[in-house]
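**Student:** Chain A is already provided as a structure; the job is to place chain B on it using the hints.
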Amino acid sequence: MTITKTALLAGAATLLAGAAWADAHGCDLGEGNVRILGNEFGAIQAVVDRAMECTTSGDMSANLTTEHKELQVAALTADPAQYTVAIVANSSIVPLLNDDLIRPLDDLIAEYGQDLLPTQQISVGGQVMAIGFMANAQHLFYREDILEQAGLEVPTTWEEVIAAGQAIRDQGIMDHPYISNTMTGWNLGQEFNNMYLGLGGSFFEPGTAQVAINNETGVKALETLKALAELSNPDFLTYDSNATGAIWEAGDAALAMMWGSRGGGILDDEGSTEEVTSNTVLAAAPTVDGGSIPATTLWWDGFTIARNISDEDAAASFQAMVHGIQPEVMEGNEEAAVWLIEGYQPTPAAAGVAASAQGGAIPYPMLPYAGLLHTALGNELSDFMQGRESAEQALADVEAAYTTAAREQGFVN
Amino acid sequence: MPHRTFFWFILPSLVAMTLFIFVPIVSVVFQSLYVEHEQVVVVSENCGPFGCTEETTIDQDATRALREAEPLGRFAGLSVYTDRAHLAADEVGAIWAASTGLGDFVSRLMNLPFYRALIFTLSYVAIVTPLTIVLGLAIALGVNGLPKVFKGPTIFVSLLPMIVTPVVGALVLYWMMEQNGILGSALQAITGDPTLSLRASAPLTWITLYIYGVWSSAPFAFIVYYAGLQTVPQEPLEAAMVDGASRWERIRYVVIPHLAPLTVFIALIQLMDNFRVFEPIVSFNAGAVAPSLSYNIYNDLRGEITLFNSAAATSVLTILGVVILLTPVLLRTWRDFTTKGGH
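Top line first, the protein sequences correspond to chains A and B. Just so you know, the first sequence maps onto residues 1 to 413 in our numbering. Just so you know, the second sequence maps onto residues 1 to 343 in our numbering.
Excised from the complex, chain A in its bound form (with noise of 0.2 Å):
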């Protein structure tokens, strides 16, 4: 897999090499080198097949995962580096962050980077760890023909969406109208994230590693998830943004919560019928409870630089990674994501993450523990959701398990 996807990036940069000539002139890296580690998605694409059009006598790779995650904590703690750029979003910065394995921009963005956007600079305590280029957020996916046929207007909160799957099962046109990213695990904690927020719920005490979710706010997240997930087919513990896309394709669905950076891929005339994607709707995340912010939260997409690699090796990464990030990445991708380079005009694929954020609804918190969490929440949340625990019994099931990962990593005694 790696080594056919690093031979076909290569592959596309060769074929690419006579148009990119023109282009590579104001790229040449000189004896760096690059070396790139990042998710798999088209948006990372296109951005790291533009940054390999410059030209270097060094290494030039990339290695595009889903599994990224998994590696990039032990690639980068090596001495050198495995890769000199790891393409981050803002929970799986933490580790890096955590473990000290990236080194702050400052120096060369003064030096490569003045043309990029204030925004697009992401800082720990003063310094820059990261440039950003896109933004994501789980959001409503709806289906207009479905819900105009149910006579049902478009529901703008969650207890709307519950409502409109109920009468689009209660008069037969889906028997399991709503689909979300549930698979147990990292999807499933994510979803109870994004309800808890919206509901104005915070996940420790203040200040502290302390969890504190076992409260009328959590059980009430759950609820709702609950009641959704009863609209939903009986496997969603198994749905991962693969699958869901996949049934939304298929025509399966009415109502969905789903990545904004799938809305291009299913808004495309491929893998789905007419019908599907010209009624497909991308809309803010709904909100909960009376609840005035979107039920969702903001991630962005950014690239690090290793920090046991040569200066040399940082400098020609960085600029390449600059050049990946230009405007002219947008050209033909410009449904691919909603950038956040300067000159992006949003689309329809856009709409919902656009929105939400609009709505003001919360970045995903960048604590050196949120991941531990977010674990635990994963692992310990599908026995409530299959009915057989309650509520409260799954909240303290998740606040042990967290506190006992916690222990054993240092941050609570």
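FYI, nobody ran anything at the bench for these hints, they're computed from the structure. Just so you know, not all the hints are guaranteed correct.
As the list claims (entries may be wrong) - Going by beta-carbon spacing under 8 Å, a handful of chain B positions derived as facing chain A:
#, residue
1, His37
2, Glu38
3, Cys47
4, Glu55
5, Thr56
6, Ile58
7, Gln60
8, Pro233
9, Gln234
10, Glu235
11, Ser310
12, Arg335
13, Thr338
Where is the CB? At the ideal position from N, CA and C, for every residue including glycine.
**Tutor:** Just chain B now, with coordinates in the frame of chain A:
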């Protein structure tokens, strides 16, 4: 064989075993006795595309000093073993005090990750091992009775489950069980319940994993037994026939006793393999309802923040589990060995 020759003979494998098995196990035991350093956190202002927030981050200089002082982390003794993610001493005590009966106790125990995994793992071992042995023997006897022309093709087909990569075999079955897959929809039609899902129901998932386990390891038992059947002496069989023994009686009293050492061998291998059941759980996405001890280790190592110490403790407990499980079989083999005087 002179001892000196024997020593030189096994030296290469002894070195490899020490390097790749013994040393890693020692290192795992060490890791399980330590936990990470206390983390020094500071509050800092983090800014990004969505504005600035006050968040905590790790104080790198302070943490580095701690790390250099004690590279292994803090010594924790057996506390990782007794925490909630493993033997859960306190929790089990509380459950025992609160439960109303044995059934209630077990169902509450299933709420703790280690015991949930242990119960599934043991049930998997207890069900899959004997069924594999019985099915393997049955196939071997069946194939052995076939006319020669059919033997080759039948053996090939019987070995297929072992030839197919485990993950691929499990995935094929998993897709067939999907609601619009052939098995999933057949089951819905038979039971008349359109919402029935093999993947959503815990008991059905357990049964599917057992079936997969038997299907994938029966060929191993089959091929071992089939080889053994070629060595069954003809005289006692003919003598039994003269005495009027039926086919079943000949198998029961001549063939099965002859194959007994092979049964011990297969049981040994299968007990070890089944105790480490892992691939089908990943392929079936069954981690939520049917985790095994190996799956728990994998889960600890896969999170965004890797829990090495927790994974190490589960690994040591798994090794202990295998040792306990194999003790009766090994004791029996040792007894047989000593009564026969050894050879």
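**Student:** Next, verify each hint and record whether it holds.
**Tutor:** Okay, the hints, checked on the actual structure:
no., hint, result
1, His37, "holds, 5 Å"
2, Glu38, "holds, 4 Å"
3, Cys47, "holds, 5 Å"
4, Glu55, "holds, 6 Å"
5, Thr56, "holds, 6 Å"
6, Ile58, "holds, 5 Å"
7, Gln60, "holds, 5 Å"
8, Pro233, "violated, 53 Å"
9, Gln234, "violated, 54 Å"
10, Glu235, "violated, 57 Å"
11, Ser310, "holds, 6 Å"
12, Arg335, "violated, 43 Å"
13, Thr338, "violated, 45 Å"
In terms of the numbered hints stated before, the structure departs from hints 8, 9, 10, 12 and 13, listed from lowest to highest.
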